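Same order as they appear, the protein sequences are chains X and E. The first sequence begins at 1 in our numbering and counts up by one. The second sequence begins at 1 in our numbering and counts up by one.
Simulated from the structure, these hints should not be mistaken for laboratory data. A hint or two may mislead.
Repeated chains share a single entry, so a pair holds when one copy, or any two copies, can fit it.
Claimed, not checked - EDC-like, lysine to aspartate or glutamate: derived pairs with alpha carbons at most 16 Å apart:
| no. | residue 1 | residue 2 |
| --- | --- | --- |
| 1 | K203 | D175 |
| 2 | K122 | E249 |
| 3 | K330 | E21 |
| 4 | K203 | E176 |
| 5 | K122 | D104 |
| 6 | K303 | E249 |
| 7 | K122 | E31 |
| 8 | K170 | D326 |
Given the structure is predicted, the values throughout are model-derived calculations rather than measurements.
Residues per chain are reported as follows:
Protein chains: 2
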Amino acid sequence: MKIQSPDSSSPKKELPPVLAELHALIENDLEQTNRIIVEQLNAQVELIPTLGSHLINSGGKRLRPALTLLTAKMFGYSGDQHALLAAVIEFIHTATLLHDDVVDGSLTRRGSETANSVWGSKAPVLVGDFLFSRSFQILVSHGDLKVLEVVADACAIISEGEVLQLVVTKDLSTDEERYMQVVSSKTAALFSAAMQLGGILCKRSPEEIEHLANYGLLLGQAYQVVDDALDYSATQETLGKTIGDDFQEGKITLPVIHAYAQGNEEERAFWRLCLEDTNHPEGGLQRAIGIIKSRGSLDYAMKTAKRLADEAKEHLKKFPASEERDTMLKLADFAVNRNY
Amino acid sequence: MKIQSPDSSSPKKELPPVLAELHALIENDLEQTNRIIVEQLNAQVELIPTLGSHLINSGGKRLRPALTLLTAKMFGYSGDQHALLAAVIEFIHTATLLHDDVVDGSLTRRGSETANSVWGSKAPVLVGDFLFSRSFQILVSHGDLKVLEVVADACAIISEGEVLQLVVTKDLSTDEERYMQVVSSKTAALFSAAMQLGGILCKRSPEEIEHLANYGLLLGQAYQVVDDALDYSATQETLGKTIGDDFQEGKITLPVIHAYAQGNEEERAFWRLCLEDTNHPEGGLQRAIGIIKSRGSLDYAMKTAKRLADEAKEHLKKFPASEERDTMLKLADFAVNRNY
Chain X
1 MKIQSPDSSS PKKELPPVLA ELHALIENDL EQTNRIIVEQ LNAQVELIPT LGSHLINSGG
61 KRLRPALTLL TAKMFGYSGD QHALLAAVIE FIHTATLLHD DVVDGSLTRR GSETANSVWG
121 SKAPVLVGDF LFSRSFQILV SHGDLKVLEV VADACAIISE GEVLQLVVTK DLSTDEERYM
181 QVVSSKTAAL FSAAMQLGGI LCKRSPEEIE HLANYGLLLG QAYQVVDDAL DYSATQETLG
241 KTIGDDFQEG KITLPVIHAY AQGNEEERAF WRLCLEDTNH PEGGLQRAIG IIKSRGSLDY
301 AMKTAKRLAD EAKEHLKKFP ASEERDTMLK LADFAVNRNY
Chain E
1 MKIQSPDSSS PKKELPPVLA ELHALIENDL EQTNRIIVEQ LNAQVELIPT LGSHLINSGG
61 KRLRPALTLL TAKMFGYSGD QHALLAAVIE FIHTATLLHD DVVDGSLTRR GSETANSVWG
121 SKAPVLVGDF LFSRSFQILV SHGDLKVLEV VADACAIISE GEVLQLVVTK DLSTDEERYM
181 QVVSSKTAAL FSAAMQLGGI LCKRSPEEIE HLANYGLLLG QAYQVVDDAL DYSATQETLG
241 KTIGDDFQEG KITLPVIHAY AQGNEEERAF WRLCLEDTNH PEGGLQRAIG IIKSRGSLDY
301 AMKTAKRLAD EAKEHLKKFP ASEERDTMLK LADFAVNRNY
């Protein structure tokens, strides 16, 4: 089994400059992380590494493990445990994606077929469980209870967020606050944990770790808000998954919350029909995109994301300038300005 | 939300004497465990305790947490952490059942509707993830890395066993050794972990913990072998789930492995049709039960279970006689002689 390195894993498009810069900065660390991923995916049952590497190899940006590695490097870490913790972050991310895709019935991700579309929904549930378990085995071998606490807390928050997302699906009474709660839990909690692990590893003060956690949380929020906006604005080719998935599934995201609040009676009836009854008229997605644009709802979402990213940067600016810090500052801008 | 105590949770039938004795012996501990389960199921998202308690309340025998409690009591434990660890064992058991029932598409368990039959398959996947995560949060608060190691290892083994079971489904070349590997991983690993936690908590020697682990492993194996035999011999009313589920799903269990090996050409063709092609002729299950009886395959499975239970008891006999030990000895016999 070959795990591709992140910079060779996405043949369809060039890496944007900030990601290329980021990968160059921690190239060796990422390679070490990839080696650990291969080792730790090993199991007696061949389907586990096969299915696991299908997703891990599929050209993800390795953003979350990169945060752990960049943070460790920013503090001059010289040991070999950072790659182990980064691998755990990627495993947990992968486990949540496997379960997500089963729950959503998604057929494509990152331009490839999802695991459930290749193997059916049974194996991804169980391999996801394996990745969670293996993550905790690795953390036990690392032996730091504080690290275990951060990861266990993040996992609980993520699963709670996923359940919340399920509960608010098709419910147009969902407000922005509730939406941000979903975003914070299901996505931003792992960004935050990834940052904290770097800080804990380097024995930083609780105050510093708090800034790292907040940067991660706000970056993750901005990232997910943009993700949700892209579902109504990107092209399928650049996004690597089907456009309008959220719309089809009745997910209530920020553009919709804004457009629904601003809409006239007829538009609101349209949203209810599509999202609450998931009864999609011919051309429904195009009409949804049209309304969202005309109501300024994409602009609103992007402004929200920019505000979160700017706030994220403030927390990072508490640390002295360094290549790693400055790359993470740019990463916050990239989270907002990307088109996939 | 009310979590029923185990002895009031199964209104349909009287507890068999050994379970009544067992519950009486650790009544307070089980009550404390149930209180912790209620507390720890709490989450901001109401669906989590609702769905979790649906299964936890459904009249399970609480065998696995009882093992932790009995072991702690056998060693005279006087603290309050045993109930916490027992609750974790029940959470992990519940999480695996939630995921199992989704993977198998099962509609009934313990005589009630499964969570996936009430809420669909999405929520049980995510609530299962929550229970895993919450378990590790609890263990981190307990703070013993050895306990964390035992549980993380058990979880990895369980999920690996579940994947293996998936892989060998509908594959009649599965032999007894491979079958025992599935049984050991998916079921017996948690029985073994439950025993070990009791021993670790009471700071027993590695050799003693090894005996506890082996008792749990062998007990769990015997228990699952009987479970699989009951799928061809019990009545639906006593079993609390649909008879012939394994047969319908193409699961290759010990009675089938034996009957297939002993069968004539016509019987083997029947097994291939039913289990590999899952093409079930009218009256297929009745014919399968008939063949299994006539080939002595149920007897073979029950003898195997009895041998495992006897071996389990040998490990427990290394410890001085006590009410707890003797109840666990009887429990090994019950695992074999039960009819549900």
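Could you place K122 and E249 in one of the four classes (within, between, both, neither) given a Cα distance threshold of 16 Å?
between (21 Å within a copy, 13 Å between copies)
One pair to classify: K203 and E176, alpha carbons no more than 16 Å apart. Within, between, both, or neither?
neither (36 Å within a copy, 51 Å between copies)
When no copy is specified for K122 and E31, does a C-alpha distance of 16 Å or less occur within a copy, between copies, both, or neither?
neither (31 Å within a copy, 35 Å between copies)
For K170 vs D326, is the C-alpha pair at or below 16 Å within one copy, between two copies, both, or neither?
Intra 40 Å, inter 55 Å, cutoff 16 Å: neither.
At most 16 Å between CA atoms: does that hold for K330 and E21 within a copy, between copies, both, or neither?
Cα proximity of K330 and E21: one copy only (10 Å, versus 65 Å across).
How would you classify K303 and E249 at a CA-CA limit of 16 Å: within, between, both, or neither?
Answer is neither: 25 Å inside a copy and 52 Å across each miss the 16 Å cutoff.
How would you label the pair K203, D175 (within, between, both, or neither) given a Cα cut-off of 16 Å?
Intra 39 Å, inter 52 Å, cutoff 16 Å: neither.
For the identical chains here, do K122 and D104 meet the 16 Å Cα criterion within one copy, between copies, both, or neither?
Answer is both; intra-copy 14 Å and inter-copy 8 Å each pass.
Checked against the numbered hints given earlier, this structure breaks hints 1, 4, 6, 7 and 8; the rest are met.
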